[in-house]
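Read off the chains here:
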Amino acid sequence: GAGVSQSPSNKVTEKGKDVELRCDPISGHTALYWYRQSLGQGLEFLIYFQGNSAPDKSGLPSDRFSAERTGGSVSTLTIQRTQQEDSAVYLCASSLDSPGVGPQHFGDGTRLSIL
Amino acid sequence: GESVGLHLPTLSVQEGDNSIINCAYSNSASDYFIWYKQESGKGPQFIIDIRSNMDKRQGQRVTVLLNKTVKHLSLQIAATQPGDSAVYFCAEADSGGYQKVTFGTGTKLQVIP
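In the order they appear, the protein sequences are chains V and Z. Sequence positions in the first sequence follow our numbering and run 59 to 173. Sequence positions in the second sequence follow our numbering and run 66 to 178.
Keep in mind that the hints were calculated from the coordinates and are not lab data. Take these hints with a grain of salt, some might be off.
Partial list, computed: chain V residues near chain Z (C-beta under 7 Å) [said to hold, decoys possible]:
| # | residue |
| --- | --- |
| 1 | 118 |
| 2 | 123 |
| 3 | 130 |
| 4 | 164 |
| 5 | 166 |
Here are a few chain Z residues that sit away from chain V, every Cβ distance over 12 Å (derived from the structure) [unchecked claim]:
| # | residue |
| --- | --- |
| 6 | 87 |
| 7 | 103 |
| 8 | 110 |
| 9 | 152 |
In this text, a Cβ means the ideal position worked out from N, Cα and C, and glycines have one as well.
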């Protein structure tokens, strides 16, 4: 289908390693978002892209977290020196325009487990 | 600070009955509201949205009601089916400028066959 695609779907890694998560948004969607969801919890906003720029990165929990978007399409979320508290599902969403214009469409997430 | 919250964390409903999931919001600048459904192991799925110039909007088996006076949003599901079992999130945004979408904490809907 033409939905938001995230990879990998699952990632298990050792504490201290770096991980990179990928998001392919819906074609033509200019806005892209990253969220984090812990088990049984709501969505924690991480970062918002409009095109290739990030007007709001206020949700990134520490400088170990970074994200980029290239070509107005694919985005990667990188977590350096992972800690056990980083274990969560990382969700990506895209929307046609800015947040108040239309709904976000989500991928199924990457389930990250830090041993 | 501003918040979006849900009154009931878990709702159990008999199959065939109607379900009502409630949400309170506190940001008076919010003018766009969305409901999402999240099944286990999946990302949230868009159900229905409503703008503040409306107080009711209907979809297929779902209705969203907006009461701006008391800052309350509800999702009504008619003839609830087992496939409706999921966690439901409300969300709010301000279309007048960039404001990130704020999600509520979620309500788990359990449909009893």
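We went through each hint and held it up to the structure:
The closest approach between the C-beta of residue 118 of chain V and any C-beta of chain Z is roughly 13 Å, which is over the 7 Å cut-off, so the hint fails. For residue 123 of chain V, the shortest C-beta to C-beta distance to chain Z is roughly 16 Å, which exceeds 7 Å, and the interface hint is violated. At its closest, the beta carbon of residue 130 of chain V sits 17 Å from a beta carbon of chain Z; the interface hint therefore is violated under the 7 Å criterion. With 7 Å as the threshold, the beta carbon of residue 164 of chain V comes within range of chain Z, its nearest partner Cβ sitting at about 3 Å, so the hint holds.
Given the 7 Å rule on beta carbons, the hint for residue 166 of chain V holds: about 5 Å separates it from the nearest Cβ of chain Z. Interface exclusion of residue 87 of chain Z from chain V stands, the closest Cβ pair being 16 Å apart, more than 12 Å. A cut-off of 12 Å between C-beta atoms contradicts the statement that residue 103 of chain Z is not in contact with chain V; the least separation is 8 Å. A cut-off of 12 Å between C-beta atoms contradicts the statement that residue 110 of chain Z is not in contact with chain V; the least separation is 7 Å.
The Cβ of residue 152 of chain Z sits about 9 Å from the closest Cβ of chain V, inside the 12 Å cut-off, so the non-interface label is violated.
The structure does not agree with the numbered hints 1, 2, 3, 7, 8 and 9 stated previously, though it agrees with the rest.
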